[in-house]
Amino acid sequence: MIYPYELKKKEKEIYLLEKLNDLTVHHVKNSNAYKAMIEKSRGFMLAKSLGEVPYLPVQLFKLMDLMSVSQAQVVKVLTSSGTTGQQVSKIYLDKETAVSQAKALVDVMRPVLGGKRLPMIILDTKSVLKDRRSFSARGAGILGFSTFGRKHFYALNDDMTMDWSGLEDFLEKHKGSKIMLFGFTFMIWKYVYQESVRRCIKVDMGDSVLIHGGGWKKLQEEAVDANTFKKKLFEQMGIRHIHNYYGMVEQVGSIFIECAQGHLHTPKYADVIIRDPITFDPIPYGSQGLIQVMSVLPKSYPGHSLLTEDLGTILGEDDCLCGWKGKYFEVAGRIPKAELRGCSDTFALGQRGGNG
Amino acid sequence: MNTQKLKSVFAEALDIEESFITDELTYNSIAEWDSVAHMALVAEIDDQFDIMLDTDDVLDLSSFSKAKEILTKYDIAFD
Numbered sequence: 001m002i003y004p005y006e007l008k009k010k011e012k013e014i015y016l017l018e019k020l021n022d023l024t025v026h027h028v029k030n031s032n033a034y035k036a037m038i039e040k041s042r043g044f045m046l047a048k049s050l051g052e053v054p055y056l057p058v059q060l061f062k063l064m065d066l067m068s069v070s071q072a073q074v075v076k077v078l079t080s081s082g083t084t085g086q087q088v089s090k091i092y093l094d095k096e097t098a099v100s101q102a103k104a105l106v107d108v109m110r111p112v113l114g115g116k117r118l119p120m121i122i123l124d125t126k127s128v129l130k131d132r133r134s135f136s137a138r139g140a141g142i143l144g145f146s147t148f149g150r151k152h153f154y155a156l157n158d159d160m161t162m163d164w165s166g167l168e169d170f171l172e173k174h175k176g177s178k179i180m181l182f183g184f185t186f187m188i189w190k191y192v193y194q195e196s197v198r199r200c201i202k203v204d205m206g207d208s209v210l211i212h213g214g215g216w217k218k219l220q221e222e223a224v225d226a227n228t229f230k231k232k233l234f235e236q237m238g239i240r241h242i243h244n245y246y247g248m249v250e251q252v253g254s255i256f257i258e259c260a261q262g263h264l265h266t267p268k269y270a271d272v273i274i275r276d277p278i279t280f281d282p283i284p285y286g287s288q289g290l291i292q293v294m295s296v297l298p299k300s301y302p303g304h305s306l307l308t309e310d311l312g313t314i315l316g317e318d319d320c321l322c323g324w325k326g327k328y329f330e331v332a333g334r335i336p337k338a339e340l341r342g343c344s345d346t347f348a349l350g351q352r353g354g355n356g
Numbered sequence: 001m002n003t004q005k006l007k008s009v010f011a012e013a014l015d016i017e018e019s020f021i022t023d024e025l026t027y028n029s030i031a032e033w034d035s036v037a038h039m040a041l042v043a044e045i046d047d048q049f050d051i052m053l054d055t056d057d058v059l060d061l062s063s064f065s066k067a068k069e070i071l072t073k074y075d076i077a078f079d
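Residue numbers (UniProt numbering), protein chains in the order written: chain A, 1 to 356; chain S, 1 to 79.
None of these hints come from the bench; they were simulated from the model. From a predicted model like this one, the values you see are computed outputs, not experimental measurements. Some hints could be false.
Stated by the list, open to error - Okay, derived cross-link-like pairs now, EDC-like style, lysine to aspartate or glutamate, Cα gap no bigger than 16 Å in a straight line:
id: 1; chain 1: A; residue 1: K151; chain 2: S; residue 2: D50
id: 2; chain 1: A; residue 1: K178; chain 2: S; residue 2: D54
id: 3; chain 1: A; residue 1: K116; chain 2: S; residue 2: D50
id: 4; chain 1: A; residue 1: K116; chain 2: S; residue 2: D46
id: 5; chain 1: A; residue 1: K151; chain 2: S; residue 2: D54
Produce the complete structure using the sequences and hints provided.
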């Protein structure tokens, strides 16, 4: 039994359904905006299955400030990444939700990283953390994963160039010990890997594990898939173990990490449902559709059930060769821009009462 | 002695006056002790006491008194 991947289908559904129903009640009571949306859709009722738990489109957090606590209780505001001029999501965390988020991350990562903190290389710039109260998705990711590390070293200078000599010193100092690396997929590829190829700098990280996330969109344009990424980073930098993760600032607790088989897994307190992009009905395992994410952690804002703009496929449940229980899945990427209009329709549909 | 040492570690890492540091001082209760400062605090504790806190302890370390309790597990005695 590997916590938090130990619950099988039946017991997990019972556990999640109770918690998610409690959260729906909690948010109806504490957020007028959420209450209005639920009432305008199909009216409040308890879900009898996970598929019935009402969901909000994830883009809604870009349009509205949604919270189920008072402003005074907010200790942290997370914002989504977004290019300049684009609206960003704002996620409000109180102390309780911020703490459970940090704990969940440790639980989810423990089977991969262990309980001992490792010398850590952050493949990013330190300037991401400049604003102390409001964190971008990048900052929140770095800070969250920093818990697993010690002697943190930021490998990129503020101008996004690599600090090669700093890296060399770090590796020399921690020779022989296992090290951890963290970063965002595209930035690692562009500013670390490609830069090292261009400058003909080969590095051997030794016993090392890299955790990366943020999506493959830009790498797909360059025809780089997960296997290529792993292979190239091993060849060029000697990174032995590489685990991708899928998650979003809009839903705390939903961190899905790749197992040894390269599949993203749902931990005990989170789940995914794949929905048809047109009808929004849940579709069978093995078919690609829109990813709905559910988590029992979001208490300070109504984000326990969200329909994302990502396409994915559930590959199976409880039977991954890695031994972890729960659903395992893959993410194909963002729905094409042309369909984004369909996405704002989700909001309209949610109001009318989609079968969420 | 270790209480005083831990106090200076807190003061240094959080950049606050030692007089603010009491057993009741808790994480996120003052602007200076936020998640960024927490990482600096943990690093400073590691260095000054020559230990390596486990991941779980980094999260549990939510007040000055809790810090003493945790450090006791690493054979650091407080009077």
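Structure-based check of all given hints:
1. Distance hint between A/K151 and S/D50 is fulfilled; the C-alpha atoms sit about 13 Å from each other, no more than 16 Å.
2. Between the alpha carbons of A/K178 and S/D54 the distance comes to roughly 15 Å, so the proposed pair stays at or under 16 Å and holds.
3. As the CA atoms of A/K116 and S/D50 are separated by approximately 15 Å, the hinted pair is consistent with the 16 Å bound.
4. Straight-line distance between C-alpha atoms of A/K116 and S/D46 comes to about 13 Å, which keeps the hinted pair within the 16 Å bound.
5. About 14 Å separates the Cα atoms of A/K151 and S/D54, which keeps this hinted pair within 16 Å; it holds.
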